[in-house]
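*Asks:* Each chain, letter by letter, is given below.
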Amino acid sequence: MFDKVLIANRGEIALRILRACSEMGIQTVAVHSTADEGAMHVRLADESVCIGPPSVRDSYLNTSAILSAALISGADAIHPGYGFLSENADFAAMVEEHEITFIGPSPDHIRLMGDKIAAKAAVKAAGIPVVPGSDGGVATKEEALRLGKEIGYPVLVKAAAGGGGRGMKIAETEDDMVEAFLTARGEAEAAFGNGEVYIEKYLGQPRHIEIQLLADNHGNVVHLGERDCSLQRRHQKVLEESPSPALNRAERERIGEVARAAAEKLGYRSAGTIEFLYENGEFYFIEMNTRLQVEHPVTEMITGLDLVREMVRVASGAPLGYEQKDIRFNGHSIECRVNAENPETFAPSPGKIGDYHAPGGLGVRVDSALYSGYTVPPYYDSMIAKLIVHGANRNECLMRLRRSLSEYVIDGIETSIPLHQRLVEEPDFIDGAYDIHWLERLLGMK
Amino acid sequence: MAKNDQGSVDAALVRQLAELLDETGLTEIEIGRGDMHVRVSKGGGQVVHASVPSAGPAPAAPAADAGGSGAAAPAGAVTSPMVGVVYLSPDPGSDAYVTVGDQVSEGDTLCLIEAMKVFNPIRSPRAGKVTRILVNSGSPVEFGEALIVVE
Numbered sequence: 002m003f004d005k006v007l008i009a010n011r012g013e014i015a016l017r018i019l020r021a022c023s024e025m026g027i028q029t030v031a032v033h034s035t036a037d038e039g040a041m042h043v044r045l046a047d048e049s050v051c052i053g054p055p056s057v058r059d060s061y062l063n064t065s066a067i068l069s070a071a072l073i074s075g076a077d078a079i080h081p082g083y084g085f086l087s088e089n090a091d092f093a094a095m096v097e098e099h100e101i102t103f104i105g106p107s108p109d110h111i112r113l114m115g116d117k118i119a120a121k122a123a124v125k126a127a128g129i130p131v132v133p134g135s136d137g138g139v140a141t142k143e144e145a146l147r148l149g150k151e152i153g154y155p156v157l158v159k160a161a162a163g164g165g166g167r168g169m170k171i172a173e174t175e176d177d178m179v180e181a182f183l184t185a186r187g188e189a190e191a192a193f194g195n196g197e198v199y200i201e202k203y204l205g206q207p208r209h210i211e212i213q214l215l216a217d218n219h220g221n222v223v224h225l226g227e228r229d230c231s232l233q234r235r236h237q238k239v240l241e242e243s244p245s246p247a248l249n250r251a252e253r254e255r256i257g258e259v260a261r262a263a264a265e266k267l268g269y270r271s272a273g274t275i276e277f278l279y280e281n282g283e284f285y286f287i288e289m290n291t292r293l294q295v296e297h298p299v300t301e302m303i304t305g306l307d308l309v310r311e312m313v314r315v316a317s318g319a320p321l322g323y324e325q326k327d328i329r330f331n332g333h334s335i336e337c338r339v340n341a342e343n344p345e346t347f348a349p350s351p352g353k354i355g356d357y358h359a360p361g362g363l364g365v366r367v368d369s370a371l372y373s374g375y376t377v378p379p380y381y382d383s384m385i386a387k388l389i390v391h392g393a394n395r396n397e398c399l400m401r402l403r404r405s406l407s408e409y410v411i412d413g414i415e416t417s418i419p420l421h422q423r424l425v426e427e428p429d430f431i432d433g434a435y436d437i438h439w440l441e442r443l444l445g446m447k
Numbered sequence: 007m008a009k010n011d012q013g014s015v016d017a018a019l020v021r022q023l024a025e026l027l028d029e030t031g032l033t034e035i036e037i038g039r040g041d042m043h044v045r046v047s048k049g050g051g052q053v054v055h056a057s058v059p060s061a062g063p064a065p066a067a068p069a070a071d072a073g074g075s076g077a078a079a080p081a082g083a084v085t086s087p088m089v090g091v092v093y094l095s096p097d098p099g100s101d102a103y104v105t106v107g108d109q110v111s112e113g114d115t116l117c118l119i120e121a122m123k124v125f126n127p128i129r130s131p132r133a134g135k136v137t138r139i140l141v142n143s144g145s146p147v148e149f150g151e152a153l154i155v156v157e
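Top to bottom, those sequences are chains Y and C.
Offset between the first sequence (1-based) and the working numbering: plus 1.
Offset between the second sequence (1-based) and the working numbering: plus 6.
Hint data in this document are derived by calculation from the structure and do not stem from the laboratory.
Note that beta-carbon positions come from the ideal geometry of N, C-alpha and C, so glycine has one too.
Mixed in with the good hints there might be a few duds.
Unchecked claim - Distance ranges between label pairs, derived from CB positions:
(1) C:Thr33 x Y:Lys353: 17 to 25 Å
(2) C:Gln109 x Y:Ala191: 34 to 42 Å
(3) C:Pro96 x Y:Gly138: 50 to 58 Å
(4) C:Leu26 x Y:Pro379: 44 to 52 Å
(5) C:Thr33 x Y:Ala348: 32 to 40 Å
(6) Y:Arg58 x C:Thr33: 38 to 46 Å
(7) C:Pro131 x Y:Arg310: 45 to 53 Å
(8) Y:Asn218 x C:His43: 45 to 53 Å
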């Protein structure tokens, strides 16, 4: 087991990782920008190293600063959290070259899944159903037009180097195709340094359903059920739940096993999530995230597993110690992402927190690094807390969510709590009848 | 140290702290003993706060083992632009680049910071006198940590 883990992240996930390490008796090193000197996890960590000025590029994305911090602190492993360097294959490789364990999947798998064209081909070969589309990259507008006709409009032009909803353009009809193709390519080149694009059928009313996977370094892989993350605004998830209201047990077991078997075939290790679009009873692969995800607590609540702890354990070489048949799914869980923003205009609202009171009680969990007197810095992602509830069934969850949202006090800044309070009253949401466009329609964006 | 009633101020302590400020070139010293907290800081006269700790729980955080982070760098300090290990001489056998009292010109090398096997010279941003060397050769430094004071 590791003696010392360096946490290469910030905010709530850094605190999350610190808590898991602390419970395992592992020393923690917090790296932080100057703007995060007062961050809770920095204050709680055994050691901290300031790695740069506020800008993300010069701090949390600064691979040499983070590696140097690992070397001078003598850390024997690094947990990258999510975002930042967590899916940077070069960083993972560099960490390993320095004989420090990267707590996550192999650099090769990170690289494979980061190339959306190669990822699609690899999972397809491993038995995962994919969205009908081009077989690889599309190089010319003539080819784009031909494919559009073949697949059937509307279609999506997607960047190979994209992901997470970025780098996508819709072509509703043949008339839009050339423009969509050219702009997607140009924007991809500008944003990712790689203009390669591929084309997929555009699904009209899909749900976003993802499968959590966990594997050790010895070939043992389990799936930990699904999460329905269809509530999104501008491709950012707002609320997630498990199980999905749309799936029955047979479908869940089927897709879970398909995903698990594919990960096993790929020789995957550590945590990972395969994301699907689900429509009319069919699953379509969109991408695989080779890291821990923001919404992992939902899975933890229904399985009883500490995913960060499991990542650390398997990274240190320990076997999983359990098989698929040992995994139990209990009850229902919902997570709300609380952002520092105006709940209607979504304008960012950084600043100093006055009164802070987190909800509690049975089945209520808050993952947040906030405290009274803390100043939310303006340089980073606006998510400041995750409110997660668990109940015996979905109705109990909804009641618990309503209750705990009304207890939550975050004074001094604006937050998206009122938006969540609105969501839990919406009949469609209460019925579980929503797809990936539902929230934006509700907000009048569509 | 003299005992204090709650609310009264130990003048001798404050004087001692003020002298320490001058000697060390720090801008602020805070000291707590039992129930009493005193902070003395420089800048247009000395301001003394004697405070009784509040009844409510303060966020009790174990002090992070951080070099420069949190503490104000002394005026005129050259701070580290990177994370690494600082060396005060070009190699183990040689003399230090600078010692206290030296006059330096803008651009003179003050020390080296080694990061990932690459040695980076840290140059003086101004001409002046080296008044304090705040780090030991071979110790790890973080971004923003005060290294050497050039006045």
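*Asks:* Indicate, hint by hint, whether the structure satisfies it.
*Replies:* Structure-based check of each hint:
Separation of C:Thr33 from Y:Lys353 is about 24 Å and conforms to the stated range, judged on CB atoms against 17 to 25 Å. Judged by the Cβ atoms, the range 34 to 42 Å given for C:Gln109 and Y:Ala191 is violated: they are separated by roughly 50 Å. Taking 50 to 58 Å as the suggested C-beta distance range, the pair C:Pro96 and Y:Gly138 conforms, at roughly 52 Å. Under the hint 44 to 52 Å, the C-beta atoms of C:Leu26 and Y:Pro379, about 37 Å apart, miss the expected range.
Between C:Thr33 and Y:Ala348 the C-beta distance comes to about 37 Å, which sits within the given range of 32 to 40 Å. A hinted range of 38 to 46 Å is violated for the C-beta pair Y:Arg58 and C:Thr33, which are about 31 Å apart. For C:Pro131 paired with Y:Arg310, a C-beta distance near 47 Å keeps the hint of 45 to 53 Å intact. For the pair Y:Asn218 and C:His43, the supplied restraint of 45 to 53 Å holds, since their beta-carbon distance comes to about 51 Å.
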